[in-house]
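Asks: So the chains spell out like this:
Protein chains: 2
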Amino acid sequence: MRVVLVAGTTETAKIPGISAAGADPSLVGHTPSADAEIIEYGEPVRSPVTPVSPTGCPTPAAVTRAVKQLTGFDVLTVDAGLAKPSAAPTIDVGARPGRDIRESEPVPTAPGAFEAARRMGLALPEDELVIGETVPGGTTTALAVFRALGEEFPVSSSLPDNPTSLKEEVVAEAFEASDVEPGFAAHKPRRAARYLGDPVLPVVAGLTVGALENGIDVTLGGGTQLLAAAALARHAGADGDLTLATTSYLAEDVPELADAADAFDLELTVTDPGFETHPLDRYDAGEAKEGAGMGGALMLADRMGVLDDVEAATLDVLSTLDPEAVETGPAAADAGGADAGGADADIDDGP
Amino acid sequence: MRVVLVAGTTETAKIPGISAAGADPSLVGHTPSADAEIIEYGEPVRSPVTPVSPTGCPTPAAVTRAVKQLTGFDVLTVDAGLAKPSAAPTIDVGARPGRDIRESEPVPTAPGAFEAARRMGLALPEDELVIGETVPGGTTTALAVFRALGEEFPVSSSLPDNPTSLKEEVVAEAFEASDVEPGFAAHKPRRAARYLGDPVLPVVAGLTVGALENGIDVTLGGGTQLLAAAALARHAGADGDLTLATTSYLAEDVPELADAADAFDLELTVTDPGFETHPLDRYDAGEAKEGAGMGGALMLADRMGVLDDVEAATLDVLSTLDPEAVETGPAAADAGGADAGGADADIDDGP
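Those sequence lines, one after another, are chains A and B.
Residues in the first sequence are numbered from 1 upward in steps of one, following full-length UniProt numbering.
Residues in the second sequence are numbered from 1 upward in steps of one, following full-length UniProt numbering.
What the hints contain is simulated information worked out from the structure, not anything from laboratory work.
One thing to keep in mind: the hints can contain errors.
As the list makes no split between identical chains, a pair holds if one copy fits it or if it spans any two.
Stated by the list, open to error - Here are the simulated lysine to aspartate or glutamate pairs, DMTMM-like style, with alpha carbons at most 25 angstroms apart:
#1 K84 - D272
#2 K84 - D262
#3 K84 - E105
#4 K84 - E126
#5 K84 - D74
#6 K14 - D100
#7 K14 - D239
#8 K14 - E105
#9 K84 - E169
#10 K14 - D161
#11 K14 - E126
#12 K14 - E311
#13 K84 - D284
#14 K84 - D179
#15 K84 - E256
#16 K84 - D239
#17 K14 - D309
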C-alpha cells in the first residue's frame with residue numbers, strides 16, 4: 001500500500017483571488033514542494049515556507065503526514081511540474097510547470113507525462129495505490145478540463161467563498177486562447193490537459209489508467225480535482241473499480257458530488273476527521289477542505305482504526321511547524337543545482 | 001533514522017575488468033538505478049535489469065531491502081549522477097554522470113553537488129543518518145581520490161580477485177590526464193573529486209559534512225569507497241563523531257581497515273551476516289562484499305536484534321527478483337521523459 005502525491009504547479013494560481021494555498025500569492029509556487037517535504041519529513045526542509053492559507057488554515061499535508069505516522073504507509077512523490085526545489089525525493093515523468101491556462105498551450109508536457117505516468121502505474125509492484133495531488137490553482141484548471149471533456153460538474157475551492165464567477169471567466173478566456181469549444185476533447189484526455197489543464201491532472205490520470213491495467217486497487221484521495229482526473233481516466237477508456245475518497249468538508253461544499261461519482265462510476269467514500277481544535281477548526285469553517293491526499297489518508301486512518309487519533313497527531317505535526325516562518329535555515333531556497341558551490345578556494349581554480 | 005543511498009555512475013566502470021556490478025559491462029549503467037528500486041520497492045521497476053555479478057552473486061541492495069523490511073527504516077535516495085531512469089524517488093543535488101577518470105575533468109559537477117549535499121545535511125530533520133553508495137567502478141575512483149588527497153590506503157573490489165594493478169594503471173593515467181601529482185588536493189576535497197573522482201564521493205562527503213555540522217549522528221555504511229568519502233569529509237575540516245559500518249567480507253579483504261579508520265578518526269563497526277545459503281554463499285566466497293548501504297543496514301539489524309533474520313529475509317527478497325531476466329515488462333528502459341508519449345491520435349494533432 002502506497003500513497004502517491006502528485007505535486008506540481010500552474011501559473012493559473014497567480015491570478016489574484018484564485019487560490020488559498022499560500023499565505024500570499026508570491027508564495028504559492030512553493031506550496032507543492034513544501035507539502036511533499038511535510039509528508040516525507042514532517043516539516044519543510046528546502047522550502048522556505050510552511051503553507052498556510054491567508055487566514056492561517058494549515059496545509060492538509062499536515063493531516064496526511066499525521067496519518068503516515070499513525071499507519072506507516074509508504075509514500076511516492078511524483079514531480080508533476082514543481083517550480084521550486086523540494087527536499088522530498090521525487091520521480092520524474094517529464095512534466096514541467098504549467099503556464100496560465102489563458103495561454104494557448106499551457107501544458108505541452110501533458111501527453112508525454114500522461115504516458116510516462118501510465119507506464120509507472122503499469123510497473124509499480126503494489127496491491128493498492130491512494131493518489132492525491134497538490135497544485136495551487138488546481139480547481140480552476142479542473143473546471144476547464146471538465147468543460148473540455150464536455151462534462152458539466154462544478155468544482156470546489158480552498159477558499160471559504162468559492163470565487164465561481166472568477167473561475168468561469170478564466171475558463172472562458174482559456175477556451176478563447178486555445179481557440180476551442182467546450183467538449184472539443186471528449187475521449188481525448190491528453191488533449192484536454194494539454195490545452196486547458198495543469199500538469200498534475202494528466203499525471204494522476206495516467207497513473208490511474210496504468211495502475212488499473214496492472215490490476216492495482218486505486219483510490220483517488222481528494223476533491224473535485226481528483227474527480228476531474230477520474231473523468232480524464234474514464235475518457236481514456238479505463239474501466240475497473242475506482243474509488244474517490246474525500247473529506248466531509250469537501251462533500252458538504254459540493255452537493256453534486258454523489259451524482260458526479262455515479263457519472264464516472266466511482267465508489268465514493270467520505271470521511272469526517274471531526275476537527276475541533278484551533279487551528280484545525282478552520283477546516284470546519286470551510287477552509288482548505290482537501291488536498292495533499294488528505295481524504296485518502298483519512299480513509300486509510302478509518303480503515304486501520306486510528307481515525308480518532310488523527311486530530312491529536314496532526315496537532316503534533318503542526319507543533320513542529322512554524323506557520324509564521326517565511327524563511328527557514330541555511331538550506332532555504334535553491335539548495336540544488338550544480339552552481340550551488342560556495343566561494344571556497346578549492347572550487348574555482350584549475351587543478 | 002534514515003538510510004541515505006547515494007546513487008550514481010562513472011564511465012570508469014566501463015573499463016574491462018574494473019567492476020563486477022552487473023552481469024556484463026553493458027549493463028553496469030543500470031545497476032545504481034536498479035539498486036535504488038530494489039531498496040524502495042523490493043524489485044526493479046523501470047530498470048531492465050536485476051543486478052548480479054557475472055557469476056550470479058546478487059546485489060547487496062537485496063540485503064539492504066531485507067533489513068528495511070525487518071526494521072522499517074526510512075530511505076532517501078540521492079541522484080548523484082544516475083545515467084538511467086529510476087522509478088525510485090530521488091533528490092537532485094545537481095550531480096551528473098561522471099566521465100572516465102582518464103579524462104581531464106571527469107566530474108565538473110563535484111563542487112556544486114558537494115555544496116548542495118552539505119546544505120541537505122544541514123537541513124534534514126533527522127537524529128541519525130546511515131549513508132551508503134551504489135556506483136559501479138567506485139573503488140577505482142576511490143583509489144584515485146585517496147592518492148589525490150595524499151593518502152596511501154588501499155581499496156577493495158567487488159571481484160573476488162581485486163584487479164589491483166589494473167586499478168593502479170588507470171589511476172596513473174588519470175593523474176596524467178589531469179596533469180596533477182598525488183597529494184595535489186590535500187585539504188581540497190572538492191578538487192580531488194572533480195579531477196580524479198566519481199560523482200558519488202563528493203555527495204557522500206558533502207552530506208556528511210553538513211549532517212555533522214547539524215548535530216546528526218552519521219554512520220557511513222560501506223567499504224573503502226565510504227572510507228574515501230570519510231577522507232574527503234575530514235579533509236574538508238569536518239570534525240565530530242563518525243562511524244564506518246561495514247561487512248565482515250569487506251573487513252577480511254582489507255587488513256589495513258582498522259588503521260585507516262584510526263587515521264580518519266572513525267569508529268569501526270564490522271557485522272557478519274553469516275550467509276550460508278546459495279546464492280548468498282557467494283558473499284562468503286569473497287564476491288560483492290559491500291555496497292548499497294549493506295554494512296550500515298547490517299549494523300542496524302544487529303542493533304535492533306534482527307541480525308539472525310537477515311539471511312531468510314534476503315532470500316525472500318531474492319525470490320521475487322529474477323536474476324535471469326535482463327528485460328522486464330512494459331515499463332522497462334526509459335519510461336520517463338516528455339517525449340515518452342505513444343502514437344495515440346490525441347497527442348500529436350493541434351487542438
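Asks: With reference to the structure, classify each hint as holding or not holding.
Replies: Results of checking the hints against the structure:
1. With identical chains, the CA atoms of K84 and D272 are never at most 25 angstroms apart, being 32 angstroms at best within one copy and 43 angstroms at best between copies.
2. Taking the closest pair of Cα atoms, K84 and D262 never come within 25 angstroms of each other, the shortest separation being 37 angstroms inside a single copy and 42 angstroms across copies.
3. Taking CA atoms no more than 25 angstroms apart as the test, K84 paired with E105 passes inside one copy only; the shortest distance there is 22 angstroms, against 30 angstroms between copies.
4. In the homo-oligomer, the alpha carbons of K84 and E126 lie at most 25 angstroms apart only across protomers (22 angstroms), although the nearest pairing inside one protomer, at 29 angstroms, exceeds that limit.
5. Taking the shortest Cα distances, K84 and D74 sit within 25 angstroms of each other both inside one copy (23 angstroms) and across copies (24 angstroms).
6. Proximity of K14 and D100 under a CA criterion of 25 angstroms is satisfied intra-copy only: 8 angstroms inside one chain copy versus 46 angstroms between copies.
7. Taking the shortest Cα distances, K14 and D239 never come within 25 angstroms of each other, neither inside one copy (36 angstroms) nor across copies (46 angstroms).
8. Only within a single protomer do K14 and E105 lie at most 25 angstroms apart by alpha-carbon distance; the minimum there is 17 angstroms, versus 43 angstroms between protomers.
9. With identical chains, the CA atoms of K84 and E169 are never at most 25 angstroms apart, being 28 angstroms at best within one copy and 44 angstroms at best between copies.
10. In this assembly of identical chains, K14 and D161 lie within 25 angstroms of each other by CA distance solely inside one copy; the values are 18 angstroms within and 61 angstroms between copies.
11. When the C-alpha separation of K14 and E126 is checked against a cutoff of 25 angstroms, the pair qualifies neither within a copy, at 36 angstroms, nor between copies, at 34 angstroms.
12. In this homomeric assembly, K14 and E311 never come within 25 angstroms of each other (Cα to Cα): the closest approach is 31 angstroms inside a single copy and 54 angstroms across copies.
13. In this homomeric assembly, K84 and D284 never come within 25 angstroms of each other (Cα to Cα): the closest approach is 31 angstroms inside a single copy and 47 angstroms across copies.
14. Taking the shortest Cα distances, K84 and D179 never come within 25 angstroms of each other, neither inside one copy (31 angstroms) nor across copies (39 angstroms).
15. With identical chains, the CA atoms of K84 and E256 are never at most 25 angstroms apart, being 35 angstroms at best within one copy and 45 angstroms at best between copies.
16. When the C-alpha separation of K84 and D239 is checked against a cutoff of 25 angstroms, the pair qualifies neither within a copy, at 35 angstroms, nor between copies, at 32 angstroms.
17. Taking the shortest alpha-carbon separations for K14 and D309, neither the intra-copy value of 36 angstroms nor the inter-copy value of 54 angstroms comes in at or below 25 angstroms.
Violated hints, listed in ascending order, are 1, 2, 7, 9, 11, 12, 13, 14, 15, 16, 17; each of the other numbered hints is respected by the structure.
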